[in-house]
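So the sequence lines, in the order shown, correspond to chains F and D.
Counting the first sequence from 1 gives a position; the numbering used here is that position plus 845.
Counting the second sequence from 1 gives a position; the numbering used here is that position plus 53.
All clues stand as given, with none of them false.
Label pairs and their in silico Cβ distance ranges:
1) D:Met54 x F:Val853: 36 to 46 Å
2) F:Ile909 x D:Phe279: 34 to 44 Å
3) F:Phe906 x D:Leu122: 29 to 39 Å
4) F:Trp942 x D:Ile210: 12 to 22 Å
5) F:Phe946 x D:Ile274: 44 to 54 Å
6) D:Gly118 x F:Tyr947: 40 to 50 Å
7) F:Trp942 x D:Lys278: 36 to 46 Å
8) F:Thr945 x D:Tyr180: 46 to 56 Å
9) F:Ile909 x D:Ser254: 19 to 29 Å
Think of the hints as simulated: they come from the structure by calculation, not from any bench.
Every residue, glycine too, gets a C-beta built ideally from N, C-alpha and C.
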Amino acid sequence: MIWFWISVAGLVTFLTRYSMIAFIDPKILNTNLKKVLNYVPSAVFPALIFPAVFLDKKGFFVNIDNPQIWAFCIAVIVGYFFNNIILTIVSGLISFWILTFYF
Amino acid sequence: MNKIEVFKKGFLDVIPLTIPVIPFGIIYGVTATEIGLSPMITFVMSFVIFAGSSQIAFSQLFIAGASPLVIITSVAVINSRHLLYGAVLSQYLNKLNYYWRVLLSYLMTDQAFSVSLSYFKKNKKNYNSHFHMLGSGFTLWFLWQTSTLLGIIFGNIVPEQLGLEFIIPLTFLSLIISELRKLDHLIVIIISGLTSLVAYSFPYKIYIIISALLSLGVAYILVAKFKKISK
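The shape of chain F in the complex, shown without the other chains:
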């Protein structure tokens, strides 16, 4: 049975990826809607970021002294000033290690 349900899950996943690309005709999107679509990364990614930084696996807020909160803040500041993808990731990770191992 598991093979069957894996196939269904695979098909469902594929359809979430494919349906809009296949069936939306960009001509029917009005200008406002097209502009709103520019915000999709800003609307989706924070929902993947915030819980991973501020909540533990059970959904409770982590302590204020948790290194990942501070490492995250450092990454935001570094990223903001340098506007660079690699620096954002690396500064956050290195701060996390320093805060974890030295404090």
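Using the hints, position chain D against chain F.
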């Protein structure tokens, strides 16, 4: 740029974002086999579903004996953000033939969507720009399959103290880092983030799509009411 150059550009653009893919793939391979799925099923799932959090949710719910309806609903809800990605990408991929659209849909991930969208926006006239998403998508796909295998074969070779799971939010942060400078985007980001914290405990991981839709609603208001700030 010719096809191969565009493909390479896609590969290079996505490389920094693949840092978490490898530990995450290993974690998936380890977790799925530890909770009782066969190595074969664990591997095939990476191939058929190719979506990390859905695969982990599927394995855990299946082993816990959840009903198929619950399992499939969870997978659908977790992946519903792809609908938004597809709506955005449709503007750039609608001229491609059926095979290309199927292939690029299968390869659609958060990271490939993000880097290739930036490329599409900057290269609207490039006839070969879809090769960029082939490059970014295939790179991620390949690393995901490889790291799943590593997890299955070698077990947990990622030391927990390194906190590699923390790279996942850092990667997503890096994908919107240039938007922090724009007030309208910043508002959308904060609303989405705060909503996700409030809605996190709702079933089926529905908080992702709730946060996205709510903050897109706010974006719509910003666009409609303050036309000047959104170019």
